[in-house]
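Protein chains: 2
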Amino acid sequence: MSHSFSDLSRLVLPRSVALVGASDRPDSIGGRALDNLTTHSKFTGQLHLVNPTKTSIAGRPCVPSVLDIADAPDLAVVAVKADAVLQVLEDCGRRGVKFAIVFTSGFGETGEEGRQVEQQMRDIVARTGMRIYGPNCPGLNNINASLGFTFSPAFRFDRKAGPIGLATQGGGLGRTFVQAMERGVGTGLWCSAGNEADLEVSDFIHYMAGAEDIRVIATCLEGIRNGPRFMEACLHAARQGKPVIAMKIGKSDYGRKAAQSHTAAITGSAEVNSAVFRELGVIEVEDIDELVNTASVMARGQPTGHEKIAVYCFSGGTAALAADKVGSAGLTLSAFSDETTRRLRAQLPSYAAMDNPVDTTADVLSKPEIGYEALKAVCEDPDVGLVLYPFPIEYGAVTTSAAASAVRVQGEVATPIVPVWMSDKLGGGWNELVNGGLMPMHSVSAAVQSIARYVDHGRWKQTTSPDWRPLALADPASPALQTELPATSLSEVAAKDILRAAGIDVPRSLTVDNADGARQAFQSLGAGAVAMKIVSTEILHKTDVGGVRLGISSEDAAASAYEGIVDSVKRLAGGQAFEGVMLEQMLEGPFVEVVVGIRRDESFGHLCTFGLGGVSVELFKDVSRRLLPISLPRAHAMIAETQCARLLEGHRGKPPMDVEALASALVQLSELVARHPDTIEEIEINPLAVRPREQGVVALDAVISIRGKEPSAW
Amino acid sequence: MSHSFSDLSRLVLPRSVALVGASDRPDSIGGRALDNLTTHSKFTGQLHLVNPTKTSIAGRPCVPSVLDIADAPDLAVVAVKADAVLQVLEDCGRRGVKFAIVFTSGFGETGEEGRQVEQQMRDIVARTGMRIYGPNCPGLNNINASLGFTFSPAFRFDRKAGPIGLATQGGGLGRTFVQAMERGVGTGLWCSAGNEADLEVSDFIHYMAGAEDIRVIATCLEGIRNGPRFMEACLHAARQGKPVIAMKIGKSDYGRKAAQSHTAAITGSAEVNSAVFRELGVIEVEDIDELVNTASVMARGQPTGHEKIAVYCFSGGTAALAADKVGSAGLTLSAFSDETTRRLRAQLPSYAAMDNPVDTTADVLSKPEIGYEALKAVCEDPDVGLVLYPFPIEYGAVTTSAAASAVRVQGEVATPIVPVWMSDKLGGGWNELVNGGLMPMHSVSAAVQSIARYVDHGRWKQTTSPDWRPLALADPASPALQTELPATSLSEVAAKDILRAAGIDVPRSLTVDNADGARQAFQSLGAGAVAMKIVSTEILHKTDVGGVRLGISSEDAAASAYEGIVDSVKRLAGGQAFEGVMLEQMLEGPFVEVVVGIRRDESFGHLCTFGLGGVSVELFKDVSRRLLPISLPRAHAMIAETQCARLLEGHRGKPPMDVEALASALVQLSELVARHPDTIEEIEINPLAVRPREQGVVALDAVISIRGKEPSAW
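Protein sequences, first through last, are from chains A and B.
Per this note's numbering, the first sequence runs over residues 70 to 783.
Per this note's numbering, the second sequence runs over residues 70 to 783.
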């Protein structure tokens with residue numbers, strides 16, 4: 070996989086800018102953009118104004134066209150009417166402009182005609198090399214450099230610089246994020262490319278991954294236009310050690326429908342998106358406030374995944390609530406050292422709770438020095454990775470001084486202190502925390518959720534190889550890769566033949582086309598009992614048409630079952646063709662039935678799904694998912710993520726099952742698909758029987774669907 | 070069940086008050102309480118000051134003891150040192166005081182000695198009839214009457230009157246709630262009785278249920294001291310049509326431990342608490358902000374359970390996000406009538422989204438009249454039960470006027486409008502919504518969560534009989550009630566005998582004590598195959614000691630299995646006694662295995678747990694729970710709540726199962742327990758086989774534990 074990403078530094082920090090459609094009307098798009106650039110930005114490069122109807126605007130010279138500018142500007146900001154946009158872009162491209170930001174709306178979001186104009190914009194990109202940002206967008210905010218290429222009247226107000234990069238599609242939710250910086254941290258760069266005719270969220274993620282002033286990347290997505298580029302950009306960020314936090318709209322049918330009609334984006338399957346995010350270490354959140362909270366906690370440090378939490382508070386009920394949430398989130402409370410306990414005892418009143426969670430009691434509020442010493446002792450405990458400090462109430466001067474103490478301690482220790490300002494009264498204490506850069510959260514639950522994501526991300530970094538890439542081909546010498554696929558759709562028999570060739574055991578079987586053959590086959594299989602199934606590429610649900618009989622244990626029974634199956638299928642399967650009846654050894658002894666599926670996703674390629682078989686997968690959706698390729702460690706991780714792992718360990722008197730063979734089978738299937746990525750639409754083994762340790766796995770039923778043919782119903 | 074609740078109106082609205090420990094030092098407890106009562110309250114009754122060291126305080130006369138007050142005051146507010154409290158309470162009781170509020174701390178929360186003092190307080194209650202509120206509490210705030218019997222310096226600031234009643238244990242989280250009323254609605258009455266030596270949360274819920282100025286009751290609990298009284302109070306509230314919303318700390322081990330050490334409360338099992346809450350229609354929430362949000366949405370109207378939702382917004386991305394959350398929460402978007410669509414078309418620009426979710430586009434912000442008309446059209450649609458209106462950004466004058474329009478529309482329509490102020494910038498629009506009583510939420514997710522609880526509560530009211538009461542006895546003539554229980558613990562054979570007598574089928578079985586008996590028993594059962602199990606009251610895990618053999622299909626096999634079982638049990642069960650070996654017909658044909666358990670909870674009595682059998686109950690905890698008694702409709706509701714219901718409907722070619730018989734069995738078990746509530750600790754049937762329709766259910770294994778004996782491991 071290789072996807073070129075342009076260097077966007079001259080978009081984000083242009084040396085020269087042409088404002089096309091500059092205006093002296095303060096409420097026009099061109100007028101506001103000019104005001105933002107001249108009055109509210111610190112732009113020190115060259116600014117050219119372009120407007121065919123003016124020779125000067127606000128005392129600055131103005132030319133009719135970008136073609137009249139002597140040196141090609143790095144950036145053209147386009148604020149002209151929709152019907153003039155294409156010609157302006159043509160001129161910019163001809164003039165050698167590197168980037169064009171197009172504010173104008175009335176394109177792809179209005180329908181097919183507008184989408185065709187966007188295609189013409191891409192043609193200009195292809196012809197000239199100029200990259201286009203927009204159309205239908207509020208522009209670009211490089212807040213760290215105090216540059217606003219935007220017509221938004223809010224630019225002058227929402228100006229908190231900081232280490233967070235934000236990439237959005239629609240502008241409204243991006244503004245919500247930027248305004249949340251009222252409570253701290255700061256969004257250094259906000260790219261919001263609207264219809265994404267050319268540059269898209271992936272380009273900005275990729276740029277931010279390399280930008281020195283950005284440490285954390287947040288994104289808000291309605292659709293992902295190009296899956297592989299998105300993956301490449303996120304992997305680049307991961308390799309640079311910069312976490313990406315994403316909110317993706319489209320979890321429910323209503324959301325998918327609304328997002329599609331809003332941006333014409335392909336929203337994709339929420340399950341697949343989430344699985345891909347987890348693979349890439351992209352931290353998924355569900356709402357804007359979660360995006361804000363998680364980004365700001367991520368900006369506090371580099372998690373290791375081993376962080377234990379201390380709760381520090383001046384209210385007993387609040388301390389209990391916070392400890393409760395820490396436990397419910399699966400986080401661990403630190404165990405304080407003797408030294409910490411000694412230091413707390415030396416400061417706090419005897420009736421305070423000096424274990425973790427710490428309840429200093431409200432009496433300490435009136436003695437700021439004690440609060441400072443106690444909090445510092447907690448932060449300096451070697452077992453404490455992060456301190457959660459909920460403030461349940463605004464109490465005027467005393468909470469202000471407690472907040473000031475927290476800021477002072479944070480200046481002296483590396484352990485992140487995450488405060489929660491639970492009250493809707495925002496007073497002096499709130500301001501202390503905000504101004505001290507501690508980014509208070511609004512609720513204990515929200516804070517704990519973000520902290521859990523912080524710790525989880527540390528774990529992901531620990532367990533994920535930075536070299537991992539999706540869709541790489543496996544070793545061509547491995548047996549799975551020798552398998553050749555036919556170009557037609559496959560019967561169960563054919564599918565099992567392929568699995569066997571790929572190194573996955575299947576039951577011994579014979580296919581017959583008359584009752585006598587069934588007798589002979591039964592005898593030659595020499596099994597205690599056999600299953601008999603109709604063989605057909607057309608019949609998907611064999612059981613429903615009476616095409617399956619189990620536990621056949623004599624020659625006579627086999628002959629009679631043959632007749633029964635054929636009669637029933639002829640009656641119920643409405644003329645669908647079949648090739649015979651398969652007799653297959655029934656597997657004896659203890660085993661656990663699991664389900665393995667690999668399915669091709671339009672955006673992200675093949676994903677493998679694993680879970681417990683039987684009713685569990687259907688009723689409880691207890692599955693894990695991975696992009697291909699699946700290595701052995703990744704296969705083991707997939708298995709361990711599901712409840713199924715507990716059954717495989719040996720449950721209620723059953724022996725431990727052959728997890729090694731199961732993991733190998735996942736790898737072999739992955740290699741089989743890697744050899745035929747464009748041919749295989751889907752493989753489903755349901756069930757795959759996992760036998761006791763060292764006895765391997767057996768595929769009891771299997772469907773392989775070829776691309777372009779009917780997929781299975783699963 | 071009958072639990073007396075005192076009339077608390079003279080606590081909440083006393084005609085005369087004695088402040089014991091009144092002080093003229095402004096920073097003392099007694100001084101602050103006096104200030105709150107005289108300067109910040111509108112108390113028009115008689116105020117007596119009591120302090121043995123003063124004759125006047127702040128120009129008011131002061132007496133040495135309550136015994137010196139001529140007419141017994143309704144309420145004594147006690148602000149004396151811990152060692153003086155008991156004597157003051159004795160005097161108050163003797164004087165005929167009706168209620169005493171004790172601020173003082175240093176009792177039960179400090180350990181056993183303090184708990185004994187609280188017992189002495191209860192002795193005073195029992196002797197004199199005076200009721201005690203506290204100790205270790207911040208007092209009582211009757212905000213609607215502008216009365217503060219509290220020493221809190223915050224009383225003068227947090228004074229928003231309103232329809233919400235709040236009952237808490239600890240004071241800190243209660244203050245968080247009261248301060249959240251900065252954004253609207255208002256807490257009319259806040260009772261926070263600290264250690265609850267006498268009066269407890271249940272008393273306040275019961276009072277608020279009858280109070281005219283309270284429409285919604287919120288409570289924040291660390292433990293429930295008396296389960297039956299809590300249930301009675303909540304049922305009383307339900308019968309008065311007043312929703313109770315509860316946050317209970319103690320979902321995780323950390324939380325349980327912290328809550329116990331904070332208030333010495335019995336936190337109970339989180340699963341049981343949640344099940345009881347659902348039974349009583351108590352709306353459970355997980356954090357204070359959720360408590361605030363849900364209480365304020367509940368204050369907006371009486372839900373029917375049929376509400377469909379309209380999303381109205383001026384940003385497309387935000388509309389998509391909101392629609393997404395509505396779908397994910399299982400809510401339904403309204404389908405607009407033609408009339409609504411016509412009205413929207415007449416107002417909104419052509420590029421607006423006029424379906425639900427409505428995106429007016431930001432262009433409408435500058436035209437407030439259009440926003441008003443469009444929002445009103447949506448609110449007046451007959452299919453719209455509630456309007457969700459997210460404001461993603463603070464944009465100064467235009468968002469202020471949009472918020473003002475929303476308030477104006479709400480003044481003219483009954484449909485609740487729930488606004489979300491998503492930005493952390495709180496500007497003029499925020500103030501409009503707050504002052505207009507629309508109680509803005511902080512995030513779309515939070516708003517949707519509260520709306521979902523609102524609609525769910527409507528459903529609960531529709532489906533729950535207002536006459537339902539826990540633990541009532543069933544009809545004494547029903548067969549289950551004829552069953553007499555032995556006083557000893559029970560073997561499987563004995564347990565099954567009881568079930569059979571109670572009307573629940575069990576397999577035919579015979580118990581034998583030698584191999585020859587096994588032969589004869591096999592023959593006389595006349596079954597295709599039998600199961601053989603050791604019979605013992607001591608051996609709990611029969612499989613683990615080789616005490617179970619399945620699929621025995623001949624006399625010889627039965628004899629040999631007898632010897633095998635006895636040998637193995639003698640070897641592995643370490644001398645545990647057994648009474649013989651049971652031969653039992655094995656059930657044939659299709660059936661679904663479910664698990665039914667009834668277990669006695671210390672706080673709330675017997676609860677029934679139902680779920681799918683096999684690994685599902687262990688791995689996925691897919692169970693439903695009900696307090697006894699279980700009526701037939703309640704049994705059906707229990708079954709329908711679980712994923713199991715999908716299997717019972719007839720799944721993947723299996724026939725529909727006998728859900729009627731299953732529901733009857735739940736009722737019969739409930740009646741069995743109702744006859745022996747003090748004897749039966751637990752009944753577990755695992756599995757109970759549910760056979761095809763009209764073929765009934767069969768208890769394949771059963772444990773009945775007698776109270777005080779060893780319970781099963783389940």
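Be a bit skeptical, because a hint or two may be false.
Because identical chains cannot be distinguished in the list, a pair is counted as satisfied if it fits within a single copy or across any two copies.
The calculated BS3-like cross-link candidates involving lysine-lysine, where the alpha carbons are at most 30 Å apart (straight line), are [said to hold, decoys possible]: (1) Lys326 x Lys377; (2) Lys111 x Lys436; (3) Lys690 x Lys723; (4) Lys690 x Lys123; (5) Lys320 x Lys123; (6) Lys639 x Lys611; (7) Lys320 x Lys690; (8) Lys436 x Lys377; (9) Lys445 x Lys377; (10) Lys530 x Lys611; (11) Lys150 x Lys436; (12) Lys530 x Lys436; (13) Lys326 x Lys436; (14) Lys445 x Lys326; (15) Lys723 x Lys639.
Calculated directly from the structure, the hints in this document are not laboratory data.
Bear in mind the structure is a predicted one, so any value in this text is a computation, not a measurement.
These are the hints, each one checked on the structure:
no. : hint            : verdict
1   : Lys326 x Lys377 : between (41 Å within a copy, 18 Å between copies)
2   : Lys111 x Lys436 : neither (45 Å within a copy, 33 Å between copies)
3   : Lys690 x Lys723 : both (24 Å within a copy, 21 Å between copies)
4   : Lys690 x Lys123 : neither (64 Å within a copy, 73 Å between copies)
5   : Lys320 x Lys123 : neither (50 Å within a copy, 69 Å between copies)
6   : Lys639 x Lys611 : within (12 Å within a copy, 49 Å between copies)
7   : Lys320 x Lys690 : both (15 Å within a copy, 24 Å between copies)
8   : Lys436 x Lys377 : within (28 Å within a copy, 53 Å between copies)
9   : Lys445 x Lys377 : within (16 Å within a copy, 51 Å between copies)
10  : Lys530 x Lys611 : neither (45 Å within a copy, 46 Å between copies)
11  : Lys150 x Lys436 : between (63 Å within a copy, 22 Å between copies)
12  : Lys530 x Lys436 : neither (42 Å within a copy, 50 Å between copies)
13  : Lys326 x Lys436 : between (56 Å within a copy, 28 Å between copies)
14  : Lys445 x Lys326 : between (51 Å within a copy, 24 Å between copies)
15  : Lys723 x Lys639 : between (42 Å within a copy, 21 Å between copies)
When the structure is compared with the earlier hints, violations turn up for hints 2, 4, 5, 10, 12 and for no others.
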